[in-house]
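> Here is what each chain is made of, one letter per residue.
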Amino acid sequence: MTTANTILELEAVTKAYAGPAGSTPVLKGVDLAVEAGETVAIVGPSGCGKSTLLNMAGTLDQPDGGRVTFRGKSLPGMTPKEAARFRNNEIGFVFQLHHLLPQCSVLENVLVPTLVHTGGEDAPERARQLLDRVGLSDRLDYRPGQLSGGERQRVAVARALINRPALLLADEPTGSLSPEGAMDLTRLMIALNREDALTLVVVTHSQEVAAHMGRVVELRDGVLRPRETRP
Amino acid sequence: MNRLRLIRRSMGYYRRMHLGVFAGAVVGAAVLTGALLVGDSVDASLRGIALARLGDTAHALDTRKQYFREELGERLSMRMGHTIPSVLRLRGMALAEPPAVPERRQANRVQVLGVGKDFWTLAGGGDGIPASPGPAAVINTHLAQRLGVGAGDEIALRIEIPDRMSRDAPLSARDEDRSIRVRLTVERVAPDRGLGRFSLATDQTAPYNVFLPRAWLQEQVRLPGEVNLLLAGTAVEAEKLAHTLRDEWSPADVGLHVRGKVLESDRVFLGGPVAKAALTLPNATGTLAYLVNTISRDGKRTPYSFMVAGATPKGMDDDEIIISEWLSGQISASVGDTVTVAYSVLLPDNRYEERKRDFTVRGIASMDAMIEARKLVPSFPGLEDVENCADWDVGLPMDEELLADKANEAYWDAYHTTPKALVTLAAGQAMWSNRFGSLTAVRFAGKNDTPDAILAGLKDALDPAAVGLVFRPVREEALTAVSRAIDFGGLFLGMSFFLILSAFLLTGLLFVLGAQYRAGEMGILLALGFTPAQARRQLLAEAGLVAVAGGATGALAGCGYTWALIQGLAHYWQSAVAHSPILFHVTPGTLLTGAVASSLAALFAMVTATWRQVRLPARQLLTLDFASTSPGRERFPRAGLWFPLLGLAFACVSAVCLALYATGSIVEPFFGVGALVLLSGLGLCRHALCVLGAGSSARHPTLFRLALQNMARRRARSLSVIVLLASGCFLVFAVSAMKEDLTKGAHRRASGTGGFALFGESTLSLLEAPSDTAVGIKVRDGDDASCLNLNHAMTPRLLGVNGTELASRGAFASREQAKALWSLLDLDLPDGVIPALVGDSDTAMWGLKAKMGVENGDELTYLDDRGESFRVRLVASLPMRLSVFQGTILIADQYFTERFPSEAGYRMFLIDAPPGEAATVARSLNRRFEREGIEVIPSVKRLARFYAVESTYLGMFLVLGGLGVLLGTVGMGIVTLRNLLERRGEIAMLRAVGYNTVSIRRLLLMEHGMLAAMGLALGVIAAAVAMIPAIASASSGVALGLQLQLLAGIALCAAGCIALALRAARPGRDLSALRNE
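Here the protein sequences line up with chains A and B, keeping their order.
If you read the first sequence in my numbering, its first letter stands for residue 1, the second for the next number, and so on.
If you read the second sequence in my numbering, its first letter stands for residue 232, the second for the next number, and so on.
Hints in this document: simulated from the structure, not taken from any laboratory.
Heads up, a few of these hints could be off.
As the list claims (entries may be wrong) - Not close to chain A: a few residues of chain B, all C-beta gaps over 12 Å, as computed:
id: 1; residue: TYR245
id: 2; residue: ARG412
id: 3; residue: ASP568
id: 4; residue: GLN769
id: 5; residue: LEU872
As the list claims (entries may be wrong) - Cβ-to-Cβ under 10 Å is the rule here; a few derived chain B residues that face chain A:
id: 6; residue: MET232
id: 7; residue: TYR244
id: 8; residue: GLY760
id: 9; residue: THR762
id: 10; residue: ALA764
id: 11; residue: GLY799
id: 12; residue: VAL845
What you are looking at is a predicted structure, and each value in this text was computed from that prediction instead of being measured.
For glycine and all other residues, C-beta sits at the position ideal for the given N, C-alpha and C.
Modelling step: build the complete structure from the supplied sequences, incorporating the hints.
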């Protein structure tokens, strides 16, 4: 149900992929409304279209049908420039692989989003604060190659937050981490949600991660259904 | 943190990746800039040669075979305040018997220069004339090397004796010695880098020069005080020089003199412009004296009598004649009787034809009156100091029996050249006018007509240019010729094309491999809010920096490449530059051009290579595995099949049409057909890879099938390997097939030899062809427009040919076309334009870069003997690419003799010889006409001299193209290595499931070997199509052995690169990659 506080809404979203055997529908009319400050976990079997759904919310992919709106503004209608600005200002991405730039230091990686559109003079200071919050203040000049997997993912989270986004989209953020590392990262994201009112949408296979979210929805057979039972 | 810092970080972090790209860009830039710098070096060398051969000379007054008084030069020097050296320039041959060499050595076409000390001022005083006035010579290095002599050695020189009157002219002396032989001591050898190579021809080849004291030479050749060349330096202003020449020249300078009140010429006939100007003067009347064969009446006759036309009373009709008392008695003719005059007429081909004309006797003049009329008969060189008629040397056909006529002998003793009859000028000119003139004297009747007054009047009425006295801006012409010379920069750029292409393809390939490695980085930038353009710019900024660094470094390295090419030109490819020394020369502008062009080319290669990748959406960039699949849309395979099939069909139709209907050469069009087959083949390969990639996996897999599928996984990479090898093979094979065997078909009349077994050239002209089977050709020296001259020919050598004779032999065209071809020379074009044929199609295309056509052909301007300019229109060329006439322009001999009456006889010969006897005939002719400096060689040898240039170009192309192929195989090796490294996990998996190292290596070898084989096969097939006409041609020199060697070489290189890549990647040796997965 849509309210005035709804930050992200997907309505009857469809998507199909072309293959050797013809078109394969992945999303068959997905409806999802996310309130500001909410934490949502999207779960489902592999290949069901979870990441596709997340990419559409982040303007990295386009739906074949239906509506995707962010604070009431339609995302699919954006020009590439508008979409880039939207990704830069309004959302943050965290992927299963950290995708840090190996040539840059930890601090520089966090500052990469400030190179376009926004930034400001306080960006380096904010980057330090963010790295402090994720527990990496002593690793500012390290290169990604000198960090553990969990540390790299924490840097990726800090990078996602540098432009103060309202929504954090995380695609299997703990997929390549150890169980301890996965729990640390989940706690970090929940803390950020609570302290900064950051809306969090997480695609995950992990029941533990999903359990920490306020709401869990399951994508199956191309449609989203709320999951009633918790593990 | 800013974007520049990010670029800097990336450059540093990926330095090894960039280093490879940088290396590719450096190679490309070095080759590109090096090629351009070769052009600079050739240009600078040609310019240096042009300035060396001229010294300080800027203007030259060159009257060739017409001589004038050297005082003219002295007067001009005085007036201008600058030295204007006079030179007597003659042709000759030099001989030497150097002690160190067993056989004697001869040099034909030697330039014999009679110079004074002033000549050497043009060299800045560095050289010098022999101090002694006697027989000592300065020779140039080129001649010294040819003869094998040095200072202090003795040489023999045969020098032409100039004729004041052309030996072709009626009444000229033909039996006089035409050359003298002198023995000389070489006093000094003047280097060819200075005035030692003095020449007015725009040619980079050093002439054979002998410098002699002018006065001594004049004395030897019986031409005291006369010269045929004036030179003015750069300090002299052209306009002032022309003005001063008009003021200072005198008709007496060019052999015009007044005897009593009669204006005559040393050359007997008064040229058209002189006669025309003289007749505009008051009280002037023209007369024409001639020696007729007989004057007869009713069976009585007197032989060989002088007659004068023009000294007749007013009112006399043109069919009337006044005869002398002596003649009247001799043939019993009275007033009213009819007498017949028989006379010889000079035809354009120098033969004489006897004609007759009847006259009615109007009166009988006393011998006193006739002796008075003798003043109108000029002095004939062959009649001076001759006692008997039998000793006359007048160049006309003489009957021995008639010459023995006793009465005539008595008349000669008593009256010498006193005319026996007079006719009107109109009647005389109708009978005896010829290309040398239609007057032999102009008589003045005014009281004040003193010799000085007549000459002064004539000077005012006559432009000195009309008698050949005109300065040409030879320095400007030389520099223009250099500026329009063969573009060696372009030539080497073309020859290095595949090498450059390979280098930049390699650059692009290495960059795209790096970009694929960093695809996730691009994706994350997009995900973090970079616009696609910003993300692209970030990557391309790095590409730009590498390109600029590579371009700049490569441009500097290009100097080394240039140096290597110049070494090649000096030691292995001398024919390409006609054995001219090429000096290393670097122009900063070219260096900059090379750097900028190379940077742009490298950047273009990188942008093109990453074009599709940088346009992929972030989602794909973040997830795509470049090692296993091709990025971008997967197109339905069948869609790509139509274009290659259509291309192949078009190639087949074109080939059939060319074979059936083409009239000209089909070698080049077939090269295009081959290229189309290549492109279509590449399209088919692409389609095949698509089909393999999309193939059903339901069939039972085999190692071979797995290898096929692996080939299709990275379609772009696989295709790039095929493209590199196929293009390289195609170019190398197709170009190597263009080599011709000139001996095949050279006996045919339609070939470039005209079917003539021998070709001859002489230093001195022969008045007749040297044998019955020879065709003589008249020659007006000019610039060599053949491929042996690197300069642009300004006024190409002009040949006067008898088209009817050549057409009757069916020479230089098929029998059906020969008549039509040679009849073009007889066309009557408007405005006095003379039709001309270019020596062969290569001369037209490369030497002259001229358009041809009867209506709209390009025109060249020449100066004739009288200094008048005339135009020749290039109506067509001889149909073959290469002929013995390469570098020349052919006009009909009647036009030639009209314009250049001074060019007596023939200096070029086409000679038939019975099969198997060519060598004997050549030896015999060379011996018989040794004094004329004849050089008879097999016609094929002359073609081979020209073909050596093209052959060398082909050789150079093969070397540079081969290097390109080598670079292509290196690229293939890199792709292989990269594939193996990216697939370490997959290979480890194969190892884990039980494949042994041998099986894995076999799989990989099969996969990459098939790619290489596809490339080689496609290149060979396309080249074979392109080679069809060359193979079928009679003159084809396709060396299958060489082709097979090349193929084996390329295949070995490809196999070596794959082997090296396999060795470096050590596929399947460890399972760590699997653990990492």
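> Does TYR244 (chain B) meet its interface restraint, that is, does its C-beta lie within less than 10 Å of any C-beta in chain A?
holds, 3 Å
> Confirm or reject the statement that TYR245 (chain B) sits farther than 12 Å, beta carbon to beta carbon, from all of chain A.
violated, 7 Å
> Regarding the hint that GLY799 (chain B) lies at the interface with chain A, is the smallest CB-CB distance below 10 Å?
violated, 44 Å
> Against chain A, is GLY760 (chain B) within 10 Å by beta-carbon distance?
holds, 2 Å
> Return the status of the interface hint for VAL845 (chain B): holds when the least beta-carbon distance to chain A is below 10 Å, violated otherwise.
violated, 13 Å
> GLN769 (chain B): least C-beta distance to chain A exceeds 12 Å?
violated, 9 Å
> A cut-off of 12 Å on Cβ-Cβ distance, and ARG412 (chain B) was said to be off the interface with chain A. Does that hold?
holds, 86 Å
> Should the interface hint for ALA764 (chain B) be scored as holding, given a Cβ-Cβ cut-off of 10 Å against chain A?
Holds, because the Cβ-Cβ distance from ALA764 (chain B) to chain A comes to roughly 8 Å (cut-off 10 Å).
> Quick one: work out the minimum CB distance from ASP568 (chain B) to chain A and report holds if it exceeds 12 Å, violated otherwise.
The assertion about ASP568 (chain B) holds, with a minimum of 115 Å to chain A.
> Verify that the Cβ of LEU872 (chain B) lies farther than 12 Å from every Cβ atom of chain A, and report whether the claim holds or is violated.
holds, 18 Å
> Quick check on the hint: MET232 (chain B) CB to chain A CB, less than 10 Å?
holds, 4 Å
> Holds or violated: is there a CB of chain A closer than 10 Å to the CB of THR762 (chain B)?
holds, 4 Å
The structure shown violates the earlier hints numbered 1, 4, 11 and 12.
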